[in-house]
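S.K.: So the chains spell out like this:
2 protein chains.
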Amino acid sequence: MADDKQLMAQVKQWILEAGEEVKRKLQDPLIVEQKSSRTDLVTNVDKETEAFLVEKIRSHYPADQILGEEGLGDKPETTDGRVWIIDPIDGTINFVKQRENFCIMIGIFEDGLGKLGFIYDVIKDEFVYGGSGTGVFLNGSPLKQIEDVPLSEGLVGVNGTMFVNNYMSTRNVGLASSGFRILGCAGLDFLHMFMSRQCAYVSNLAPWDFAAGMVIGHALGLRCSRLDGREADIIGERVPFVIATPSAYEEIQALVIAAG
Amino acid sequence: MADDKQLMAQVKQWILEAGEEVKRKLQDPLIVEQKSSRTDLVTNVDKETEAFLVEKIRSHYPADQILGEEGLGDKPETTDGRVWIIDPIDGTINFVKQRENFCIMIGIFEDGLGKLGFIYDVIKDEFVYGGSGTGVFLNGSPLKQIEDVPLSEGLVGVNGTMFVNNYMSTRNVGLASSGFRILGCAGLDFLHMFMSRQCAYVSNLAPWDFAAGMVIGHALGLRCSRLDGREADIIGERVPFVIATPSAYEEIQALVIAAG
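These protein sequence lines are chains A and B, in that order.
The opening residue of the first sequence carries number 1 in the UniProt record's numbering; numbering runs sequentially from there.
The opening residue of the second sequence carries number 1 in the UniProt record's numbering; numbering runs sequentially from there.
Bound conformation, chain A alone:
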C-alpha cells in the first residue's frame, strides 16, 4: 500500500513532466508518418514520449516488463511480475489535427492484476490516476463515487466503424442511450466515465488503449471486459471492449447476447 502510493506519486511526476515536454513540442512542426493506413498516424512526439517513459521505468525498475504502443518496450509473453502498459499519445489524429483532445496513459499490473492507472488529458490538464489500493484521484483530489446511471439516462462513447456496421450491437447500444459521441481518443472516453459524464464506452481497443482505464474503472466500481463478456487480456490483441456503469453494463450485455 505504502509502496503503491509512492509508485503512484513517482509515475504521476513522470507523466506531468512528459506532458510539459509534449506541450513544448506542439510549438514546433510535427514529423508525421503513416503506420497501417492514412488514418493511422504516428509522430515524433509519440515516439519521444514513449522513449522518455521507457527510460524512466528501465532506470528505476530494470526487472519490469514494458508494453508500449510504439514498440520501444518489450514484447511481454507472460503477465508474471510487474508489467507496464504505455500509450504515449492516445488519440494521435486529434493530436496532429487539433493539437488537443489527446491523452498520455499508463497502466501498471502485478502478476496480471491491475495496480495503478494514469490518464492525463494534457491540454485540458485533467489527470486521473490511482487504483483499488490507493484510491483514485483527479488532479490531487479523491474522485467522487460513480453514479450508477442506466443506459437510457446516459451518454455513450462509440467506435465509429463498429457503430456504422452495428457490430456486436454497438449501434443498438448507442440508440438505447441518451446520445452517442465519437471523440477519437479512448482516454477522453475513460475520463468521461470516471467523472460520470458518460455511462458507457464501446470500442475496438488494444491493451495500451484500455489498460489504464480498466485499472481505474475497476477501482471506481465500473464494469469492464471484452464486449462478449470475457476478460480482456492485457498482453493480447485488439478486441471489442466495453466499460460501463453496473446498470448499463448489464443492459449492454443483454443487447449483445440478443444480437447473437
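Check before you lean on any hint, since a few could be wrong.
Identical copies go unnamed one by one, so any copy, or any two together, can satisfy a pair.
[To be verified] Restricting the straight-line Cα-Cα distance to at most 30 Å, the calculated cross-link-like pairs of lysine-lysine (DSS-like) are:
{"no.": "1", "residue 1": "Lys124", "residue 2": "Lys25"}
{"no.": "2", "residue 1": "Lys56", "residue 2": "Lys5"}
{"no.": "3", "residue 1": "Lys144", "residue 2": "Lys25"}
{"no.": "4", "residue 1": "Lys144", "residue 2": "Lys75"}
{"no.": "5", "residue 1": "Lys23", "residue 2": "Lys144"}
{"no.": "6", "residue 1": "Lys35", "residue 2": "Lys25"}
{"no.": "7", "residue 1": "Lys75", "residue 2": "Lys124"}
{"no.": "8", "residue 1": "Lys23", "residue 2": "Lys35"}
{"no.": "9", "residue 1": "Lys75", "residue 2": "Lys56"}
{"no.": "10", "residue 1": "Lys75", "residue 2": "Lys35"}
{"no.": "11", "residue 1": "Lys35", "residue 2": "Lys5"}
For the record, the hints were derived by calculation from the structure and aren't laboratory data.
Chain A is fixed; fit chain B onto it per the hints.
M.R.: Chain B in isolation, oriented as in the chain A frame:
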C-alpha cells in the same frame, strides 16, 4: 464599422455575464424537461439564459426582432431590419449529462446580411466573436487565418443520424476524411472549424444552431450553405447544413451531387 465594434463589445459582455450565471447555476440541481422526445431536453438554465439575453436586447434595441430557440423572442416573418438569433444553451444534453461541452451562441443580421456572430464555450472559456466588418477574435486576440485543408487531410464533425443513414452522402463525407467526430454541440464543431481543428461539419441544423457560426465562418473565408448548396434561411426550418474549408466544400458538394 465603429457601431459594429461597439455592438460587438456590448454583446460580448452580455454573453460573458450570462456565462458566469450559467456556471453558478451548474452548482445547483437542474430542472430538466423533455421537449419533442427523451433526447430533446430543455432546462431552467436554457430558459433563464434566453430570458436574460432577450431582456438585454429589448431594453437596448426595442425595434429589433429576436428569434430564440426557447421561444421567448418573436416569430420573425421577414429578415428586414436587425434580427438577433439566440441559442442560449447549444448542446443541452451535454450540458445536462456532462456539465461541459455546451455553448452560448448569438448571430446578428441586418436586412438578412450577417453582421456579427458569437460562440462561447463557457466551461473551456473559448470565446470566438466578430464578423466581416470587425474582424474575428478569439478571447480578445485576432483569429489566425483558416488553413484551406482538403477533406482527406482534415477531421469532420457529423450528425449521427445523417451519418448512420448516409443521408445526402454524409457517411461518404466522413469516410473520405481523416476521421469523423460526433460531439453533440454545433457550437463546438464551429469552434473547431474556426481554429482549423476540423475541415468540415455536416449536420441537421435550425437557424439558432447555425446563425452565429455562419456569420463568423463567412468572415473567416469558410464556405457554408445548406448541404444541397442553396443558401440557408435564417428564419426558416431545420435543414441539412454544411460548413467547410473552400477545398473540402467543393469535395463535399461533388459527393452530394454524385449521390443524387
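S.K.: Next, verify each hint and record whether it holds.
M.R.: Outcome of the hint check:
Proximity of Lys124 to Lys25 under the C-alpha cut-off of 30 Å is found in both arrangements, the shortest distances being 16 Å within a copy and 22 Å between copies. In this homomeric assembly, Lys56 and Lys5 come within 30 Å of each other (Cα to Cα) only inside a single copy, at 18 Å, whereas the closest approach across copies is 53 Å. For the identical chains of this complex, Lys144 and Lys25 are inter-copy neighbours only, at 20 Å across copies versus 34 Å inside a copy, given an alpha-carbon limit of 30 Å. Proximity of Lys144 and Lys75 under a CA criterion of 30 Å is satisfied in neither setting, with 36 Å inside one chain copy and 45 Å between copies.
Taking the shortest alpha-carbon separations for Lys23 and Lys144, both the intra-copy value of 29 Å and the inter-copy value of 20 Å come in at or below 30 Å. In this homomeric assembly, Lys35 and Lys25 come within 30 Å of each other (Cα to Cα) only inside a single copy, at 21 Å, whereas the closest approach across copies is 46 Å. In this assembly of identical chains, Lys75 and Lys124 lie within 30 Å of each other by CA distance neither inside one copy nor across copies; the values are 32 Å within and 40 Å between. In the homo-oligomer, the alpha carbons of Lys23 and Lys35 lie at most 30 Å apart inside one protomer (23 Å), although the nearest pairing across protomers, at 43 Å, exceeds that limit.
Taking CA atoms no more than 30 Å apart as the test, Lys75 paired with Lys56 passes inside one copy only; the shortest distance there is 18 Å, against 64 Å between copies. For the identical chains of this complex, Lys75 and Lys35 are intra-copy neighbours only, at 19 Å inside a copy versus 54 Å across copies, given an alpha-carbon limit of 30 Å. In the homo-oligomer, the alpha carbons of Lys35 and Lys5 never lie at most 30 Å apart, since the shortest distance is 37 Å inside one protomer and 48 Å across protomers.
In terms of the numbered hints stated before, the structure departs from hints 4, 7 and 11, listed from lowest to highest.
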